[in-house]
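Protein chains in written order, with our numbering: chain A, 1 to 341; chain C, 1 to 367.
Source of the hints: derived by calculation from the structure; they are not laboratory data.
Just so you know, even glycine gets a beta-carbon here, dropped at the ideal spot from N, CA and C.
Take the hints with a grain of salt, since some may be wrong.
Unchecked claim - Stretches of chain C that chain A covers, calculated by requiring three or more beta carbons in the stretch to come under 8 Å of a beta carbon on chain A:
#: 1; segment: 50-60
#: 2; segment: 77-83
#: 3; segment: 109-122
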Amino acid sequence: MEKRRMVRALICFAGLLLPAGLLFCLSLTTGSSRIAPETVFGILTGRAPDAAASRIITDIRLPRTLSALILGGGLSVSGFLLQSFFRNPIAGPFVLGISSGAKLTVALLMITALQHGFVMRSGMMIAAAFAGALLSMLAVLLFSGRMRNMAQLVIVGVMIGYICNALTDLAVTFADDANIVNLHNWSKGSFSGTDWQDIRAMAILVSVSVIGAFLLSKPIGAYQLGEAYAENMGVNIRIFRLLLILLSSALSACVTAFAGPVSFVGIAVPHLMKGLFGTAKPLILIPAAFLGGGVFCMGCDLIARTLFAPQELSVSTVTAVFGAPVVIFIMLHRAGERNAS
Amino acid sequence: MSQTVLQTNVLAAGYSRKIVADGLTFSVSAGEICTLIGPNGAGKSTVLKTIAAQLPILSGNIALCGDDLSTLREKDVSKRLSVLLTQKITAERMTCGDVAETGRYPYTGTLGILSAEDKMIVREAMGLVGAEHLYDTDFRQISDGQRQCVMLARAIAQQPKIMLLDEPTSFLDIGHKLHILTLLRQLAKERRIAVVQSLHELDLAQKFSDTVICIHNGKAERIGTPEEIFAGDYISALYEIRDGAYDPRFGTAEPSAVPGKPEIFVIGGGGAGIPVYRKLHRTGIPFAAGVLHENDLEYPTAKALASVVISEKAFEPVGEDAIRQAAAVMQQCREVICCTEYFGAMNQSNRKLKEQAEALGLLQSFV
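Next comes chain C alone, as it looks inside the complex (with noise of 0.2 Å):
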């Protein structure tokens, strides 16, 4: 059924004297989005620069469609695997269509002259990636974003099996990144091309892969799905994170909270007190956060920046010890801020205690 397009084994990646990355064996399949994740320096691009046979296998092996790369000439390399990368091309009095044409270069002859049969790839490949329009357009006059389709619609015209990306979102505003992300799906799930890209952006990453390589340490640290890979404090160890932390569960990146005693606390709940936090971290003055059930929409921001949360269990009613334990904290702080007018049967607590911060002289209005 799925057909594996790329095998490599035990392969080592690197420069002439270096070894950046070792004991690589992974395959990808027809239709099937791989994403190198994993932090600067890592060897992603190293990874995939051996992969496209620019870089010389250190050891081990690759098997593109059943055939070692090594024995391969580079005309039928060129037919199986085309490449999007990081560096700029600088295309002299060159249309975006010339540049999509050159996708077609293993399939001309002598003098690469484009038969209609080629044109019509190329244009077929630039009405995927929606730029048809810029056929005749000065490629240097467009944006990045529209350069990178350009190039997407080039590695496309070139018809392979698989397609090598090196970071194809980086520099790209959110619009753009959706929109080759979900070409790629698209490619992939229509026209069986493998995928493998090297990707920054985790969120993405989780959201467009359907496997993950974690290249860390010199090798692939872990090779899972998504939900296998961005699971519990991972992807923290593997990017080495020290400022903060990442919460796979949104894509988001928190910095650390201010540390120090708190000095506000927020009574929040439902979102209301997520830009308070925001506020109060960038400020700098630490903070205490309550209460919150584990399953409300601000707990994880609470988590991550408030030096003291106090919570209760999702779906249970607000019990006696959480009350005690947030009104000895409230009592510390030097200020209470209440985000919140409504109070719910789940959270009639938070009311007391805004009741009870009114009555120390504690609470601050806010709006």
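Chain A extracted, bound-state conformation (with noise of 0.2 Å):
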């Protein structure tokens, strides 16, 4: 058995890295202007004959497709740990609100920035995500301490996302026109618009945060028995608790931060994994998350630029296409397990 797991593991792991690899090079060929693969390889390894297309893949397609990958597995690792968390299965950054609040207040940021003229750059936008999504998380926490219920939770934290929402809305209803398109794109969620500089956070930021996460493997594993087996195991739980939140905090900011709100990767990604894997161990499922949290919005991203190109869709809309019938899957899933029982 273990040596099935084991290989099972591998499996899908190899599984993954295929569609990862063949999204990687799909998002970086297709566009507009289509480049060859063994162009797009010779710009890649320096040997950059074509000075047009050159700069289309590394200023544009590179770190946009990078900036997928690393935020879509950020975004679904930041999702794993919150369902961990709560022990909640459709708990995620996005349904608990913790996204609309780094949205708010990187709204409030870019407004305030634009009008008196001085650049962003994108550690304030990081830390301005960062106090939004903990002030979010902290106001789910206040009010899940009171209720026991999971189905309560779930509808203040979604209550919580329309209160900064509305507050977002309000803010750019007084704001100059030129910001409202700035942060209208912004807010809709996209991949696009990123630089190196960007992709260089985002890539510390989410890599300090999964590593972080996968050496806490073992309290979250213990967490997942609930909280009083978990103390007894050796867990400190308070200690655990704030790390964790700090965590998925810090991912979801992040991802909200580059991106904007995207939704449903937090949720559907998590139980896919799941699903494919076969089990909840954390050890497995956090690297099997940030991988296929990677693969989904490349994928996704993919979707959104060429459906209807030269128009380009929001991020979450496709996300939400692909992602809100697993969350139902989930639901009818889990109720057909408690008839059963």
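Take the two lone chains, each set in its own frame, and fit them into one complex as the hints suggest.
What follows is the structure, encoded as structure tokens:
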């Protein structure tokens, strides 16, 4: 059994790497101007025969693809952490209003930045998003302490999301016209418009957070049995909860800062991975969720920009179409289980 | 010889503002089974949680294997003490083996990867509870009884010095109840594990405990051996029973007798009367029973359910007094039921009673 599991995990990881590579290549070659794979390869390896193609790849497509991979992975891991933390299958940064909180603070920062004429740096965006994400998370936690029911928790999260969205709209109403366009694009969710500086920032933040989460695999696994059992196994619950909150907020904040709120990745991908790998062990699932989130977002981004090209869809539109049915499936599946027992 | 594993000293257990139980001083040795009993809400779980370091100690102290609990680190506690709680766990996509393996948590490294030795210990624990065949089965697909066995295997795999179990047998069928308690006794005797548990099944508490602690009115009202605790009417007082009584000799609870003057007289003996008593009680008819020897099998049941019981001392032939008394009560009844056809040397008088009833036209045939 133990061997079978290992084999299954290895096969699944290999099975994820394949579409990851494929989507990565496809994202680089497809677009308003098709660039042949061998040209792309030439550009990536430093032999650049075509200056225009080279600029498209290195300045636009490669950063965009990388950000879809990194942010998608981060978002999915964040979802997994939140689901473990709240022991709630549909917890995720978007459902719990954490993305919306980050969106609000980033929007406020954007508007004030543009009004006072200073340039936004990625660090500031992340800091603002992190503050917003933490605030929403704290609000959810404040309420979650009072209610044991998981449906109520989700409702609170959704309501916090609505409040943040309303406040964001309010801020947008009083912003200059020029700002709105900027803000509007960002708030729809998109992996476009990232430069190499952003990539570096998100790569550092996401990798540190994901590795941090991976190192917490053991207590997360214990926590899956419930708080009291985790405590009996020697987990320092207070420190563990704090770390989990910080990590999941950092991850969803980072994603929101760079790509805006992206829906459903955080819920859908961890569940798809649990099904695929047949386990919820964090040691396997954290890397799996990261890889799966990357694949999911690269795929969705590719669809978003090619389906109605040159018109571009927002990523959330595509992630929702693929992600929402997964949520419905989870609910049905759980209902079935409860009836069976 | 017997080594003290747990010692509490004027311990107060409770939640941040409210003390639930106070002044608890008791000790549990290796290999001893100590059972907390007491009414709902008395604080059995609170005491267990406090010993498990899941609730702060409000006052007093707890020593675990000689060390003050509050100075021990989480990891050290987890190697000495394992728990089995009432809350149901939602083990998503976990096999029973996975669940039992979590017991090895305190012994693994940073990433929690189990060594071959860890796995062997888990296998052995699963075998001990008779759940080895469930190793690869999804934890959510097994019965409550099997689940409790797996959780017990988890607690065993943790290799504790002391095991705390909160109502380990609640919600289980009688077969599983006996299985779990027998396993606990085996663990206590063979592995010298100290067991502290709370139980609601008094009959089982009586049979499977070395020490019984009665939590009532915010304190340990009595601490003693089962023989000391399950004596007299104490249990009825402990549980504040108003609608009947608990008979510690048989571990049975009987409801109060139907109030009123007896309408039916039952001649019983040797246990033949019990179904009749139950049926009459169920239908709500007050009745009298007699003449029964005090050592008759059905005497306790009659005593609990009948309004009047005419009895004779054990091992004595039924005397004139008893017969006269019985006849007097019988004549006031509208019916007489005789449950027995055999009258031995000691209860020839019951035959006379029967004949008298027949003469009065009161006797109903009973099959």
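Exercise. Per the coverage rule (Cβ-Cβ under 8 Å, at least three residues), is the segment 50-60 of chain C covered by chain A?
Worked result: Coverage by chain A holds here, the residue count being 3 at a Cβ distance below 8 Å.
Exercise. Holds or violated: the segment 109-122 of chain C covered by chain A, criterion of 3 or more residues with Cβ-Cβ distance under 8 Å?
Worked result: holds (count 5)
Exercise. Per the coverage rule (Cβ-Cβ under 8 Å, at least three residues), is the segment 77-83 of chain C covered by chain A?
Worked result: holds (count 6)
Going down the numbered hints, you'll see the structure goes against none, and every one checks out.
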